[in-house]
Amino acid sequence: MKEYLAIIAMDMRLALRLRAVIFFNYLFPLIFFFTFAAFMGRNTDQIAYVVRMSVTLGVLGSGFFGAGIRAIQDRELNILRRYKVTPITPAPLLVGSMVTGWLIFLPYIVLLLLLAHWMYHMPLPAHMLDLLIFISLALIAFRALGLVIASVANNMQEGQILVQLFYFPLLLLGGATIPADNFHGVMLTIHKFVPSTYLVDGMLNMMNKAQGLVSNLEPVLMLVITTFIGGFISMKLFRWEKEEKIKGSAKWWVVVALLPFIVIGVWESFRH
Amino acid sequence: MSTAPVIQVRALEKRYDKVEAVKGIDFQVDGGEVFGLLGPNGAGKTSTIEILEGLRPRTGGDATVLGFDPDRQKQQLKDRIGVCLQATNLPGKMRVQEALELFGSFYTRSLSSEQLLKRLQLWDKRAAYYETLSGGQKQRLALALALVNDPQLLFLDEPTTGLDPQIRLEIHKLIEELKEEKRTVVLTTHYIEEAERLCDRVAIIDEGKIVAMGTPRELQQRSRIQSRIDIVTETPLNGNVLPPWPEALESSLAQDGRSLTVYSSRPARTLFEIMKWLDHQGLQLEDVHLKRPTLEDVFVELTGKKLRD
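Chains as they are written, first to last, in the numbering used here: chain A, -10 to 261; chain B, 294 to 602.
Okay, chain A solo, but in the shape it has when bound (with noise of 0.2 Å):
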């Protein structure tokens, strides 16, 4: 335990001290919610989707690029493998990462709920302990994807491609930036496969509709499952070293970290 909580402690000290860090997970979102609610912010309705929109556009972010992209750079620069040579698993760095990002960014959302309501009067959800559990939920499932795609990228190039692939769909598709209410035919099936779809449904429910974390059962289940599927996968392939390549065909397996989504999404389009 005590390897869990020293790199832990360690990951905050180090992410407290990248001015990339604090831009990143603060003033780049803060930046992005003051213009977009500047044009959006007539009623609360548009503030909470604009809250909405720049909590999605922060858990992609720390997901994909805070965990998967740096956990990439660490095995490139060597820093892996002096882990390596310690009797530690990749368990603790794993979970350091994944706990890390959490406690960076659960602040700001926090700030950003107090900001919305008090400067453009967004009521503050009826459930408020419910949606910070909804939104750690998703950001740790966003996190065991990143750590997916950092497993199967063999270098920064190849993560950096995979990390665009999902990151721009999901950030577009899901519902986040464009309104789901403008998905039509396709676009509205393919809505239904995309993981984000049911972080922001579950936040839509649950600062729109005062709803909590047992009326959203079905995004919360998947965010679970996304979780123990992506940090199994992750944890399976990880690699402590640039030289050690995994083929071409491991990429599959962030196919079967998005299994829940492909499976929802088949049933979600049976149902309709």
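Certain hints may be false.
Label pairs and their in silico Cβ distance ranges [claimed, not checked]:
(1) B:Pro350 x A:Asp170: 54 to 60 Å
(2) A:Lys(-9) x B:Asp457: 55 to 61 Å
(3) A:Ile11 x B:Thr401: 35 to 41 Å
(4) A:Leu118 x B:Ala421: 48 to 54 Å
(5) A:Leu66 x B:Arg419: 38 to 44 Å
(6) B:Lys311 x A:Leu154: 32 to 38 Å
When the alpha-carbon atoms are kept at most 20 Å apart in a straight line, the in silico SDA-like pairs for lysine to any residue are as follows [to be verified]:
(7) B:Lys367 x A:Gly30
(8) B:Lys584 x B:Val525
(9) A:Lys(-9) x B:Arg402
Worth flagging that the hints you see were computed from the coordinates, not collected in a lab. Glycine is no exception: its CB is placed at the ideal position from the N, C-alpha and C atoms.
On the provided structure of chain A, position chain B as indicated by the hints.
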């Protein structure tokens, strides 16, 4: 020196796809010994030591390190050994003391960071970020990390490569201290003088095989290359006829009549006889040099390659 074997390797093999990096090598390392692995790049020495560190699985053969099987008991083994890798890094914003405390937390037993910082002359740099350290300071930190669990067995993979002579000497001193403390050290190096100075025994590896093993002196003596004796006298020798000194294989006199070169298989005995002869001839000695074959010569003789090939 304790004689209980700390490492036992039998018919060890390592294959990467079609490349055979290690081809059935055997050796053992005794407790308290500094054992050197010498070989050019790609000879199989890093593969061998990484198998013993539990970092890579072996393809064939047997290996035991501190009584553990490096393939099956990786965690227990890693808890007991210290490793200084050839190419490694730490996050730029990690402070020196933090690194020691973090890595110390991974082991069941660890030394205090203060003690290690002072020993490795890093005390003044304890609050410095890793990214601000010089190459020598980074290497000292790497050695401090290798010692953080107070290991009885250390693997040092080319610990002085790329460092300036001053830092190299400091690291040599540290390895000598480790030897005095009866710790076992397995060292790979490109520097022959490092092996000659530090190692109790060396194994010369080439193309995945051990081509020679023994103390540096044994290897030098086993060499077919003869020692060379260079003598300069104050006045020229009378005539050009040189007597057949015992064990002398070849003798020659330079045109100045004063510079004598003799190759011998037993230089001490030959030199003694030459001195007697010169005295008998009434000649005064101006200079004398004895050059034994170096480990580098032995290495070239055995492998046909330079160590830094």
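To see whether the hints hold, each was checked on the structure:
no., hint, verdict
1, B:Pro350 x A:Asp170: 54 to 60 Å, "holds, 55 Å"
2, A:Lys(-9) x B:Asp457: 55 to 61 Å, "violated, 38 Å"
3, A:Ile11 x B:Thr401: 35 to 41 Å, "holds, 36 Å"
4, A:Leu118 x B:Ala421: 48 to 54 Å, "violated, 43 Å"
5, A:Leu66 x B:Arg419: 38 to 44 Å, "violated, 23 Å"
6, B:Lys311 x A:Leu154: 32 to 38 Å, "holds, 34 Å"
7, B:Lys367 x A:Gly30, "violated, 58 Å"
8, B:Lys584 x B:Val525, "holds, 15 Å"
9, A:Lys(-9) x B:Arg402, "holds, 12 Å"
In this structure, the hints that do not hold are numbers 2, 4, 5 and 7, in rising order.
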